[in-house]
Structure formats: structure tokens, C-alpha cells
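Those sequence lines, one after another, are chains D and Z. One point on numbering: in numbering that gives the first Met the number 0, the residue at position 87 of the first sequence is 86, and numbering is uninterrupted. One point on numbering: in numbering that gives the first Met the number 0, the residue at position 307 of the second sequence is 306, and numbering is uninterrupted.
Source of the hints: derived by calculation from the structure; they are not laboratory data. These numbers come from a predicted model, not from an experiment. Only true hints are included.
To be clear about the criterion: a stretch of chain D counts as covered by chain Z if any three or more of its residues have a C-beta under 8 Å from a C-beta of chain Z, and this derived list gives those stretches:
| # | stretch |
| --- | --- |
| 1 | 11-21 |
| 2 | 95-102 |
| 3 | 286-292 |
| 4 | 345-352 |
Just so you know, even glycine gets a beta-carbon here, dropped at the ideal spot from N, CA and C.
Number of protein chains: 2
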Amino acid sequence: MRCDRQWEGIGCPVEAIDTPALLVDFDALQRNIERMAAFGTTHGVGIRPHAKTHKTPIIAHMQIAAGAIGQCVQKVGEAEVLVAGGVADVLIANEVVGFEKLARLAALARTARITVAVDNELAAEALAEAAGAAQVTVGVVVDVDVGQGRCGVAPGQAALEFGHRVARLAGLELRGLQGYHGAIQHVHGFDARADRARKANAQLLDTAILFEADGLAIDIVTGAGTGTYAIEGVQAGMTEIQPGSYIFMDRQYREIGASGSDIYDDFEPALAVLATVMSTPTATRVVTDAGLKALSSDVGAPQLLDRPGWTYAFGGDEHGLLVGETARAPIGLGEKVRLLPSHCDTTINLYDRYHVVRGGALAAVWPIAARGRTR
Amino acid sequence: MRCDRQWEGIGCPVEAIDTPALLVDFDALQRNIERMAAFGTTHGVGIRPHAKTHKTPIIAHMQIAAGAIGQCVQKVGEAEVLVAGGVADVLIANEVVGFEKLARLAALARTARITVAVDNELAAEALAEAAGAAQVTVGVVVDVDVGQGRCGVAPGQAALEFGHRVARLAGLELRGLQGYHGAIQHVHGFDARADRARKANAQLLDTAILFEADGLAIDIVTGAGTGTYAIEGVQAGMTEIQPGSYIFMDRQYREIGASGSDIYDDFEPALAVLATVMSTPTATRVVTDAGLKALSSDVGAPQLLDRPGWTYAFGGDEHGLLVGETARAPIGLGEKVRLLPSHCDTTINLYDRYHVVRGGALAAVWPIAARGRTR
Chain D
0 MRCDRQWEGI GCPVEAIDTP ALLVDFDALQ RNIERMAAFG TTHGVGIRPH AKTHKTPIIA
60 HMQIAAGAIG QCVQKVGEAE VLVAGGVADV LIANEVVGFE KLARLAALAR TARITVAVDN
120 ELAAEALAEA AGAAQVTVGV VVDVDVGQGR CGVAPGQAAL EFGHRVARLA GLELRGLQGY
180 HGAIQHVHGF DARADRARKA NAQLLDTAIL FEADGLAIDI VTGAGTGTYA IEGVQAGMTE
240 IQPGSYIFMD RQYREIGASG SDIYDDFEPA LAVLATVMST PTATRVVTDA GLKALSSDVG
300 APQLLDRPGW TYAFGGDEHG LLVGETARAP IGLGEKVRLL PSHCDTTINL YDRYHVVRGG
360 ALAAVWPIAA RGRTR
Chain Z
0 MRCDRQWEGI GCPVEAIDTP ALLVDFDALQ RNIERMAAFG TTHGVGIRPH AKTHKTPIIA
60 HMQIAAGAIG QCVQKVGEAE VLVAGGVADV LIANEVVGFE KLARLAALAR TARITVAVDN
120 ELAAEALAEA AGAAQVTVGV VVDVDVGQGR CGVAPGQAAL EFGHRVARLA GLELRGLQGY
180 HGAIQHVHGF DARADRARKA NAQLLDTAIL FEADGLAIDI VTGAGTGTYA IEGVQAGMTE
240 IQPGSYIFMD RQYREIGASG SDIYDDFEPA LAVLATVMST PTATRVVTDA GLKALSSDVG
300 APQLLDRPGW TYAFGGDEHG LLVGETARAP IGLGEKVRLL PSHCDTTINL YDRYHVVRGG
360 ALAAVWPIAA RGRTR
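Throw the hints in and build the complete structure from the sequences for me.
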């Protein structure tokens with residue numbers, strides 16, 4: 000479809016957007032943000048959305064306007080983009096090592112409240128040194144391994160002893176504890192997920208009690224994600240939760256199921272990749288222009304929307320195959336189709352811009368300012 | 000390691016490069032380019048390297064300086080970057096649909112020799128219209144499906160009839176035929192790969208003979224890739240080949256094997272991701288800062304280099320686990336490790352810059368100018 004409006008096509012119908020394009024349903028995004036904010040208000044837990052998903056200050060500010068207490072990120076580079084974009088409170092929910100990154104992190108603490116996860120004494124000392132050199136205070140949370148087997152210190156006494164050592168370091172302020180279990184986010188079935196999440200997170204909460212009992216004052220007990228927000232977010236002692244994907248959802252999260260439903264529908268799908276059919280070799284096999292460089296594959300293929308009887312399969316870096324069960328309801332050359340990404344975070348990281356849609360028309364083009372910021 | 004040179008760290012040792020970083024071994028890259036160029040000279044076949052791999056004019060010019068006849072790409076956006084960077088002959092080895100892309104494609108033909116694959120009459124007519132509007136001639140190759148089951152017209156009579164129709168369109172110049180079979184590139188074992196590639200490509204070559212016999216003059220018969228260059232590149236009738244990954248290699252290509260070897264060593268690995276250990280929970284499990292956003296996963300995990308007894312596993316978007324068989328040869332906090340990507344093209348597409356290394360030091364930082372250019 001041709002639409003010749005001048006500025007980035009604002010006002011043009013969705014079908015006129017050139018492809019591959021990453022579409023955001025603005026109204027669904029806003030509703031998801033409000034739904035999570037309401038959960039936080041109802042249960043008295045802070046919402047600290049994970050910006051590793053959206054990677055843009057614009058969405059961070061939508062979340063904060065709805066009541067979020069700040070943002071969390073995985074990388075210093077993401078924190079830089081948020082702070083430059085006016086976000087005042089950022090938790091780097093991940094370990095940071097290396098003098099260049101620590102100097103950048105400390106510099107951010109001059110203009111924003113910065114907190115970072117620590118799990119190693121040498122790393123904490125290097126962080127304290129960087130904070131001292133920059134004449135700032137950097138907040139830290141002790142990262143506790145609640146069973147994921149990735150980063151983090153062991154819960155209980157080991158965490159407590161580490162906490163005491165960190166609390167003594169000048170330039171650092173021990174603010175609390177973090178525990179996150181990525182794999183549990185995607186356990187299928189609400190009851191199975193709840194059971195595992197509660198047990199894992201109990202180790203974090205018990206450790207927090209140890210800290211308090213041993214004179215280590217903490218303000219933050221942080222963790223949880225989109226799959227467990229309603230489970231861990233209601234456990235006594237949690238002060239904040241870190242959901243990221245809830246704003247967009249994806250095929251992987253849709254499939255984990257909710258209480259009484261096979262579909263996890265606490266939040267609405269608000270993200271899609273728009274693709275164009277650029278070859279129609281047969282009536283039941285056509286080819287789109289969106290492949291591995293337009294849709295991440297780490298948890299499998301995306302889900303084709305709006306086209307029952309057809310499925311998407313990766314066809315290479317720049318090709319996606321659409322295969323139909325029958326030749327009925329054919330898909331023609333030049334037609335545009337929408338795909339629900341299998342994993343929103345890694346798909347978003349492939350794009351420079353969001354194409355934001357309202358009422359069937361392009362409403363805005365937002366830069367994905369922290370795309371590629373892995374450092 | 001600290002190194003305070005001013006400009007992007009040029010001259011600093013590799014170990015001082017902040018991570019994750021995409022390292023290019025300049026000398027190995029140059030040797031790979033020369034090896035492929037020598038193959039072309041020896042066998043009288045044109046080398047048209049695929050820029051979908053490297054996405055940068057700098058490497059295109061290294062290839063052309065060594066004798067390459069031009070470049071091929073998958074997307075108009077990649078062609079734009081190459082033409083803006085001074086590349087004079089670009090084949091878009093893929094179908095292009097949509098008036099915006101066709102207008103951009105036609106505009107490129109004002110300053111460069113542009114050729115594009117076609118497999119559909121409506122698409123060819125739209126291309127001819129765009130060429131007419133821009134008052135240019137665009138070259139086309141008929142894309143023949145030699146068995147991949149993706150794009151392309153059927154070989155033989157169907158292709159011939161389509162070729163005649165395309166040849167009659169004003170604004171287009173029928174230049175030849177293309178046939179490519181992606182899956183065969185990665186068939187393990189040289190003999191099995193050669194057998195399948197020769198049979199598949201024979202359909203392209205037979206179709207070329209049909210074209211000539213029926214009065215359709217063609218200059219280009221193009222195809223093949225890094226896995227089949229030495230097989231299809233020596234078949235009579237092939238005028239050029241399109242290898243991309245040979246300049247860097249990756250884990251997937253290394254494993255397909257060569258004649259008399261389990262390792263495909265026609266070319267040297269010249270690409271690695273540098274990562275830093277940022278958490279050391281146990282003596283046999285440490286965590287790096289390079290995960291799914293730093294290393295593509297579409298063909299599995301990367302290969303850890305230089306560290307026998309340790310293997311890499313993805314640990315999330317921003318984490319990679321290194322797991323050791325024993326606690327001997329431990330990997331310490333802050334240590335840097337190198338990873339051979341499983342798939343070079345999709346990994347490169349995650350980065351904005353190459354860090355080019357010679358003699359153990361950073362020699363240059365090259366922009367990956369066409370990263371993300373999926374349109």
C-alpha cells in the first residue's frame with residue numbers, strides 16, 4: 000500500500016509501513032503498564048520494570064508515570080541510555096566487572112541513584128574504588144543464587160558474611176538483596192510455577208531476615224519477572240519486582256499458561272513483526288522478508304498471527320517461510336503479515352526503531368536507544 | 000588490563016578491549032580473501048563475495064582489491080551501504096517487493112551497476128516500472144529453485160518461459176541466472192556435500208544451456224557459497240560464485256569437514272567474540288558477560304577457544320556460562336576469553352563495530368555499517 004505522508008509515514012495505515020518492521024500496539028502497551036502498576040498498588044510492592052526488554056527511555060517514562068519506582072537493566076550501557084534520558088533511579092541487576100565499566104557506572108551515580116548487584120568481594124572492592132575516585136556513593140544489592148546456577152552467592156550464612164564485608168566498603172551503600180530465577184519464569188502451568196517460585200524465593204526472603212536480625216539494614220529485596228510477578232510479588236518481605244516482558248509479551252510467555260488457562264493472558268500481546276511476502280512459489284508455500292535477522296530464534300519460531308492454517312518457519316537470515324495446510328485462503332505477493340516474536344527481548348535488540356501503532360495507523364517512530372548496548 | 004591510549008584504544012593489547020567485543024584477526028581475514036581470490040583466478044570463475052556476512056564497505060574493498068568482481072547482498076539497505084561506500088557492482092541475490100524498496104533500488108542504479116534476482120512476473124513488472132520512473136536500467140537474474148524450496152522458479156522450461164517474459168520488459172536487462180541451495184552448504188563430509196551440490200547445481204547449468212539455445216543471451220550464472228565454492232565453482236558454465244562466510248568462518252562451517260579432514264579448514268577462523276568473566280560462583284562454573292545478545296544461537300552455542308576442558312553454554316540474554324570438567328586450570332574473575340561464533344552472519348548483525356586485531360593489539364575499529372539493514 001502506498002502512503003506518501005512526509006515524516007516517517009506518521010498517520011499512514013499499518014499496511015503502508017515498509018518491512019521488516021517492529022510494531023508496537025500503543026494502547027495495549029499502555030494497558031499492560033497500567034495493569035502491572037495496579038498490581039503493585041494493590042499488593043504494596045514496588046514495580047521496577049526491566050529495561051533490558053524495551054531499551055528505551057520513552058517506555059521507561061510511561062512506566063514511571065504509571066507508578067514504577069525506577070528501572071532495572073543488565074548493562075552499564077543500558078543504564079547510561081536511561082540516565083541520559085532522564086530516568087533518576089536505575090538498578091543494574093547484574094554483576095559489573097572491569098575498570099572501564101566501573102568508571103562509567105560511578106559517573107552515572109553523580110546524576111542518578113544507581114544500585115548494582117554484587118556477588119564477589121574483589122569485584123565489590125573494585126566498585127568501591129571506582130566510587131571513591133568519582134566521589135560518589137553507589138548502592139549495592141547482594142545477588143543471591145536462589146537456584147538458577149548462574150551468578151550470585153549462596154543464600155543464608157554465606158550471603159550474610161558477604162553482606163557484612165560489602166557493608167564495610169567506603170563508597171558503597173548496602174541497600175539490600177536480589178534473587179532471580181530465570182528458568183522458573185517459563186515453567187508451564189501456574190501451580191507448578193508458583194510452587195517452584197515460592198520455594199526458590201523463600202531462600203531470598205529468609206536471607207533478608209538474617210540480614211535484618213544481624214544488624215544489616217536493608218531497604219530493597221528485589222527479584223521476580225513476568226512469569227512470577229504475581230507469585231513472588233505477594234510474598235511478605237519482597238519490596239520490589241523486576242518484570243520486563245509483561246509490557247509486550249511473546250510466544251514463549253503466552254504458552255506458559257495462567258491459573259485456569261493454557262494461555263498466559265495476564266497481559267496482552269503488544270508487539271509484532273510486520274513482514275512482506277516477497278516470493279510465492281506455490282499456493283501453500285510463500286516466502287517473507289523476515290528471517291533470523293528480523294526475529295530472534297533462541298526459543299524457536301515466532302507465531303504467525305491472523306492467518307489460520309498457515310505457519311511460519313525460519314528460511315535463513317533474511318527469509319521466513321509461510322506454509323499453508325491447503326491452498327485455500329492463499330497469501331499473495333506483496334501481502335503483509337504479522338508475527339508474534341518467540342522472545343521479545345532478543346527480537347527487539349535486532350531493531351533500531353519501534354513503529355508505534357494506534358487505531359490502525361502509524362502514530363510514532365521511537366528509537367530503541369539502547370539496542371546493542373551489551374557493554 | 001588497563002590501557003589508556005586515547006583513540007578507541009588503538010594500539011592497546013587485545014586483553015584491554017572492553018567486552019563483549021567482536022574481534023577480527025586482520026591477517027587471517029586477508030589470507031582468506033586471497034585464498035578465495037586465487038581459487039577464482041585458477042579456475043576462471045568470478046568471485047562475488049556475499050556482503051550479508053560482513054556488512055561493511057571496508058571489507059568489500061579488500062575483496063575487490065584482491066580481484067572480486069563486485070559484491071552481492073540480500074537487501075536493498077545493504078546495497079545502499081555498499082554503493083555509498085564506493086562499491087560499483089552489486090547483485091541483490093534476493094527478491095525485492097514493495098514500491099519503496101523498488102524506488103530505492105532503482106535510485107542505486109544511477110551510480111552503480113545493480114542486478115537483482117526475480118522469480119515472479121508481477122514483481123518483475125513492478126521493478127521495470129520503478130526502473131522506468133528513475134530512467135535507469137536494472138539488471139536481473141532469474142532465480143531458479145535448485146531444490147532448496149525457498150524462492151525461485153522451477154528449473155528448465157518454466158524458468159525459460161519466465162526468462163522470455165522478463166527479457167521483454169523495458170527498463171530491465173536480463174543478465175543471467177541464479178541458483179543457490181543454502182542447506183547443502185552445511186552438509187557434513189566433502190563427498191556427500193559434493194554429490195548433492197553437483198546434482199542440485201546441474202539444474203541451474205542445464206537451464207542456462209536452455210536459455211542460450213533459445214536465444215536468451217546471458218552473462219551471469221551465479222550461486223554457490225562457502226561450503227560449495229570449490230564444488231560448484233569448477234562446474235562448466237558457472238560464471239561467478241557468492242561465498243560470504245569464508246572470510247571469517249564459524250563453528251558451523253568448521254564442522255562440515257573437508258576432503259580428508261573432519262575440520263573444514265580451507266579458510267581460517269578470523270572472527271571471535273571477546274568476553275569477560277564477571278562472576279565466579281564455583282571453581283568449575285564461571286559466568287561471562289556475553290549471552291544471546293552478543294552471540295547468535297540459531298545454530299547452537301559458540302565454541303570456547305584456548306581453554307581446553309571448559310565449554311560455553313548460553314545463560315540468558317546477557318550471560319554465558321563456562322563449565323569446566325575439573326577445578327584445574329581455573330578461570331578467574333575479570334579474565335577475558337574468546338568464543339568462536341556458531342554462525343558468523345547473525346552474530347555480526349548484533350554488533351555496531353569490529354575490533355580489528357593485528358599482532359595481539361587493536362589495529363582498527365570498523366563500523367558495521369549495514370548492521371540491522373533488513374529492509
